[in-house]
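Peer 1: Chains V, L and R are the protein sequences, given in the same order. Take the first sequence: its letter number 88 is residue 88 in our numbering, and every next letter is one higher. Take the second sequence: its letter number 3 is residue 3 in our numbering, and every next letter is one higher. Take the third sequence: its letter number 108 is residue 108 in our numbering, and every next letter is one higher.
Please keep in mind that the hints were generated in silico from the structure rather than gathered at the bench. The beta-carbon is built from N, C-alpha and C at its ideal position, and this holds for glycine as well. Be aware that one or more of the hints could be misleading.
Claimed, not checked - Looking from chain R toward chain V, a few residues come up when the C-beta cut is under 10 Å (computed):
hint: 1; residue: Tyr17
hint: 2; residue: Met120
hint: 3; residue: Ser121
hint: 4; residue: Pro232
Stated by the list, open to error - Non-contacting residues of chain V with respect to chain R, defined by C-beta distances greater than 10 Å in every case (computed):
hint: 5; residue: Thr2
hint: 6; residue: Arg52
hint: 7; residue: Lys113
hint: 8; residue: Gly116
hint: 9; residue: Ala122
hint: 10; residue: His124
hint: 11; residue: Ala125
hint: 12; residue: Gly127
hint: 13; residue: Thr132
hint: 14; residue: Ile137
hint: 15; residue: Pro140
hint: 16; residue: Leu144
hint: 17; residue: Arg206
What the hints assert, rightly or not - Straight-line distance between alpha carbons at most 25 Å, and here's what the computed SDA-like set of lysine to any residue pairs gives:
hint: 18; chain 1: V; residue 1: Lys213; chain 2: L; residue 2: Pro90
hint: 19; chain 1: R; residue 1: Lys89; chain 2: V; residue 2: Lys213
hint: 20; chain 1: L; residue 1: Lys22; chain 2: V; residue 2: Phe61
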Amino acid sequence: MTIDFSFLARYQDALLMGLGMTLRLTLIAFALGIVWGFVLALLRNSSIAPVRWIAAVYVEFFRGTPVLIQIFWIFYCMPIFLGTDLSNFTAAVLCLTLYGGAIMSETFRAGMKSIGREQYDACHALGLSPWTRATRIVLPQATLRSVPVLLSNGIGIFKESSLVSAIGMMELMFIGTTISNRTGRPVEVFTAVALIYFVVAFPLTRLVTWLEKRILKRFAI
Amino acid sequence: MEYEFQFHYILQAWPVLMEGLKVTVQLTVIANIIALTLGFVIALLVLSKYWLLRAPFALMIELFRCTPVLVQILWFFYCVPILFGIYLAPLPMGILALGINLACFNAEAYRAAIQAVPREQLDAGVALGFSPLQRVRYVVFPHAFRAALPVLITNGITLFQQSALVAIVALSDLMYMGRQVATQSYRPIETYTAVALIYFAISFPVSRVAAWVEQRLDAARA
Amino acid sequence: MTEIQPLVEMRGVHKNYGTLQVLSGIDLEMRPGDRLVVIGPSGGGKSTLLRIMMGLEDIRRGEIDLLGKRYITGHEQSGKTRIDSTLRKQVGMVFQHYTLFPHLTIISNLTLAAIKTRGMSKPAALDKGMQLLKRLGLESKAQSYPSQLSGGQKQRVAIARALMLDPRLMLFDEVTSALDPELVAEVEAVMLELAEQQMPMMLVTHDMWFAKNIASRVIFCAGGVVVEDGPPEQVLGDPVNPRTREFIERVFHIKT
Numbered sequence: 001m002t003i004d005f006s007f008l009a010r011y012q013d014a015l016l017m018g019l020g021m022t023l024r025l026t027l028i029a030f031a032l033g034i035v036w037g038f039v040l041a042l043l044r045n046s047s048i049a050p051v052r053w054i055a056a057v058y059v060e061f062f063r064g065t066p067v068l069i070q071i072f073w074i075f076y077c078m079p080i081f082l083g084t085d086l087s088n089f090t091a092a093v094l095c096l097t098l099y100g101g102a103i104m105s106e107t108f109r110a111g112m113k114s115i116g117r118e119q120y121d122a123c124h125a126l127g128l129s130p131w132t133r134a135t136r137i138v139l140p141q142a143t144l145r146s147v148p149v150l151l152s153n154g155i156g157i158f159k160e161s162s163l164v165s166a167i168g169m170m171e172l173m174f175i176g177t178t179i180s181n182r183t184g185r186p187v188e189v190f191t192a193v194a195l196i197y198f199v200v201a202f203p204l205t206r207l208v209t210w211l212e213k214r215i216l217k218r219f220a221i
Numbered sequence: 001m002e003y004e005f006q007f008h009y010i011l012q013a014w015p016v017l018m019e020g021l022k023v024t025v026q027l028t029v030i031a032n033i034i035a036l037t038l039g040f041v042i043a044l045l046v047l048s049k050y051w052l053l054r055a056p057f058a059l060m061i062e063l064f065r066c067t068p069v070l071v072q073i074l075w076f077f078y079c080v081p082i083l084f085g086i087y088l089a090p091l092p093m094g095i096l097a098l099g100i101n102l103a104c105f106n107a108e109a110y111r112a113a114i115q116a117v118p119r120e121q122l123d124a125g126v127a128l129g130f131s132p133l134q135r136v137r138y139v140v141f142p143h144a145f146r147a148a149l150p151v152l153i154t155n156g157i158t159l160f161q162q163s164a165l166v167a168i169v170a171l172s173d174l175m176y177m178g179r180q181v182a183t184q185s186y187r188p189i190e191t192y193t194a195v196a197l198i199y200f201a202i203s204f205p206v207s208r209v210a211a212w213v214e215q216r217l218d219a220a221r222a
Numbered sequence: 001m002t003e004i005q006p007l008v009e010m011r012g013v014h015k016n017y018g019t020l021q022v023l024s025g026i027d028l029e030m031r032p033g034d035r036l037v038v039i040g041p042s043g044g045g046k047s048t049l050l051r052i053m054m055g056l057e058d059i060r061r062g063e064i065d066l067l068g069k070r071y072i073t074g075h076e077q078s079g080k081t082r083i084d085s086t087l088r089k090q091v092g093m094v095f096q097h098y099t100l101f102p103h104l105t106i107i108s109n110l111t112l113a114a115i116k117t118r119g120m121s122k123p124a125a126l127d128k129g130m131q132l133l134k135r136l137g138l139e140s141k142a143q144s145y146p147s148q149l150s151g152g153q154k155q156r157v158a159i160a161r162a163l164m165l166d167p168r169l170m171l172f173d174e175v176t177s178a179l180d181p182e183l184v185a186e187v188e189a190v191m192l193e194l195a196e197q198q199m200p201m202m203l204v205t206h207d208m209w210f211a212k213n214i215a216s217r218v219i220f221c222a223g224g225v226v227v228e229d230g231p232p233e234q235v236l237g238d239p240v241n242p243r244t245r246e247f248i249e250r251v252f253h254i255k256t
């Protein structure tokens with residue numbers, strides 16, 4: 001058996017299109033997920049007990065079940081509830097956002113929790129109002145501390161996006177599988193696909209490490 | 001919304017789902033065992049003085065961590081037989097794919113834990129006359145294992161979730177069986193809800209245990 | 001004959017954490033200009049006393065007056081610990097662990113509370129902040145971040161931050177305990193300067209020699225009660241109470 005990557009040149013447009021779709025899905029889900037995750041984190045700290053519980057159950061559920069089943073549920077079951085069909089794009093974005101939001105809400109919570117009690121004491125001693133404390137002291141620090149992990153979460157969404165191929169979404173994984181089936185050469189195709197994912201994700205992970213060090217140094221956080 | 005919930009289909013399909021769950025649990029447990037041991041070995045190799053040992057395994061860790069698990073699983077199932085002529089049954093293949101993937105994540109956890117052992121502890125080991133091997137055994141390992149434990153448990157739970165991906169290569173785990181039942185009975189809501197609840201019912205208690213372990217360790221260290 | 005009105009008056013203050021009784025009936029009085037040092041064994045309630053004065057902890061029973069007006073009332077008497085927030089604004093506190101806000105510059109740290117809670121205009125606050133920094137010799141650090149300052153510098157900024165709000169009473173909770181020895185002196189110098197300017201203060205400190213220098217009065221607090229209360233020469237030099245004597249000898253390693 002010979003390994004020959006040259007035939008892939010024919011498919012490079014298709015692969016690039018797949019990558020483009022993957023990146024689109026990732027970025028949209030990441031942006032929406034950050035906002036949703038932030039809202040969730042606030043809800044989990046709410047003073048109204050039922051709100052706290054529902055938010056907590058939501059997060060635990062999305063963290064405690066396979067993403068694949070979440071995708072299937074949203075794609076096959078939601079339409080029945082909503083009475084309309086969901087395009088696989090909508091289902092994909094929805095699932096990745098709901099899942100990503102759950103993960104990122106935990107990141108926000110960890111960021112908020114890591115602010116030492118002494119800072120709250122200092123705010124109290126200075127007579128700062130709860131609003132000032134929340135907006136000028138807690139929020140900026142929680143956000144700064146969360147940024148590296150949030151980026152990490154984003155890379156995670158990038159990888160999980162490969163699962164939406166299971167509902168026929170034409171992103172990189174789906175395209176790769178199709179090409180492999182058509183040409184009967186899984187080795188070259190899947191290696192190429194893996195390398196494409198790697199080439200995007202690896203530099204980003206390095207960036208996260210670098211950011212962590214920078215932020216740590218600047219603020220001794 | 002026109003839909004009648006008919007959960008008795010689930011009761012009928014329950015044995016089938018349980019068969020799938022058996023496979024899932026097998027996958028999870030054995031892959032975890034592989035990942036816990038292999039991960040430690042890889043961590044030690046990555047921390048070695050010799051570049052020739054460090055480099056390939058560092059690369060391996062990055063490859064497995066920066067690509068989707070699904071790609072890795074497909075690669076194992078379709079490419080490894082062709083490349084290496086190794087033909088294993090689906091279940092061992094799945095175990096291997098998941099196990100090696102998780103080993104790389106665990107290696108990172110072990111590595112961070114090993115490097116976090118306080119210098120003073122190592123110095124104390126030297127002062128007490130321990131040989132390097134004894135230092136690893138009596139100072140490094142207890143510290144590192146305790147520090148890494150919460151992450152290792154969380155990683156184990158993640159593997160449990162990711163095992164669902166082997167359904168895509170038609171390995172008969174819980175997810176696969178769920179898919180079969182859902183399509184054959186035209187009852188996606190009941191089926192997928194039931195499957196999700198089964199996964200949740202197992203992973204949630206374990207994650208509580210992980211949180212408790214982490215609390216105990218934090219208290220002990222404080 | 002006019003009586004000098006006490007600055008602070010505490011009557012029967014009780015506090016517990018759950019079942020642990022930390023303060024079992026504290027009675028004390030602080031005169032204007034007093035520099036009150038609280039000493040005692042760990043867990044004896046010293047820091048708790050200061051935190052109560054700052055309104056960071058509630059009290060079960062008892063009353064505290066500040067500047068002649070009711071300041072704090074225990075929750076056994078009034079359902080919930082009542083505290084007068086206008087009076088609370090007259091108290092400033094510096095903590096053991098810097099607690100400068102790490103994401104703000106030094107000057108922002110100083111001006112934030114003044115602008116947000118005292119309604120000072122930004123230029124006025126900046127002006128005042130820079131003046132305080134100049135007095136401390138730290139004006140070159142105004143745009144720096146806390147992570148770029150030494151421990152001693154951070155604590156001095158923390159003191160300045162409290163002074164921005166013109167407190168009538170300053171509380172110092174072991175502010176030098178976390179510092180390297182060579183940085184302690186510069187912080188204590190600032191506190192001694194404040195003392196010279198007649199700033200009333202309550203301090204908890206482990207540094208007995210500093211206590212002797214700065215205190216106008218010393219209180220030995222153990223087991224949740226005031227065991228001895230008097231001038232530093234007495235409490236730290238020749239205590240009346242045998243418990244105090246035992247503590248002082250252990251700490252100073254000398255026989256009194």
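Peer 1: None of the hints should be skipped; say for each whether it holds.
Peer 2: Against the structure, the hints:
A cut of 10 Å between beta carbons decides the hint on R:Tyr17: the least distance to chain V is about 15 Å, and the hint is violated. Because the beta carbon of R:Met120 sits about 13 Å from the nearest beta carbon in chain V, more than 10 Å, this interface hint is broken. Interface hint at R:Ser121: violated, since its Cβ lies 16 Å from the closest Cβ of chain V, which is beyond the 10 Å cut-off. For the restraint placing R:Pro232 at the interface with chain V, the shortest Cβ-Cβ distance is roughly 27 Å, beyond the 10 Å limit, so the hint is violated.
The claim that V:Thr2 lies off the interface holds: its Cβ sits roughly 58 Å from the closest Cβ of chain R, which is beyond the 10 Å cut-off. Distance check on V:Arg52: its Cβ is at least 23 Å (rounded) from any Cβ of chain R, clearing the 10 Å threshold; non-interface status holds. For V:Lys113, the non-interface assignment is confirmed: its Cβ lies about 16 Å from the closest Cβ of chain R, beyond the 10 Å cut-off. Distance check for V:Gly116 against chain R: the nearest CB is about 8 Å away, which does not clear 10 Å, and the non-interface claim fails.
The beta carbon of V:Ala122 sits about 4 Å from the closest Cβ of chain R, which is not more than 10 Å, so the claim that it is off the interface is violated. At the 10 Å boundary, the C-beta of V:His124 falls inside the reach of chain R, the nearest C-beta of that chain being 6 Å off. At the 10 Å boundary, the C-beta of V:Ala125 falls inside the reach of chain R, the nearest C-beta of that chain being 4 Å off. Separation of V:Gly127 from chain R is inadequate, the least Cβ-Cβ distance of about 5 Å not exceeding the 10 Å criterion.
At the 10 Å boundary, the C-beta of V:Thr132 falls inside the reach of chain R, the nearest C-beta of that chain being 5 Å off. Listed as a non-interface residue, V:Ile137 fails to keep its Cβ farther than 10 Å from every Cβ of chain R; the least gap is roughly 6 Å. Annotated as non-interface, V:Pro140 brings its C-beta within 10 Å of a C-beta of chain R; the closest such distance is 5 Å. The Cβ of V:Leu144 sits about 6 Å from the closest Cβ of chain R, inside the 10 Å cut-off, so the non-interface label is violated.
Even its closest Cβ contact with chain R, about 24 Å, leaves V:Arg206 beyond 10 Å, as expected for a residue assigned away from the interface. With a C-alpha separation of about 43 Å, the suggested pair V:Lys213 and L:Pro90 falls outside the 25 Å cut-off, and the hint is violated. Taken as a hint, the R:Lys89 and V:Lys213 pair is broken in the structure, with Cα atoms around 39 Å apart against an allowance of 25 Å. Proximity of L:Lys22 to V:Phe61 is assessed by CA-CA distance (about 22 Å); at most 25 Å being required, the pair is judged to hold.
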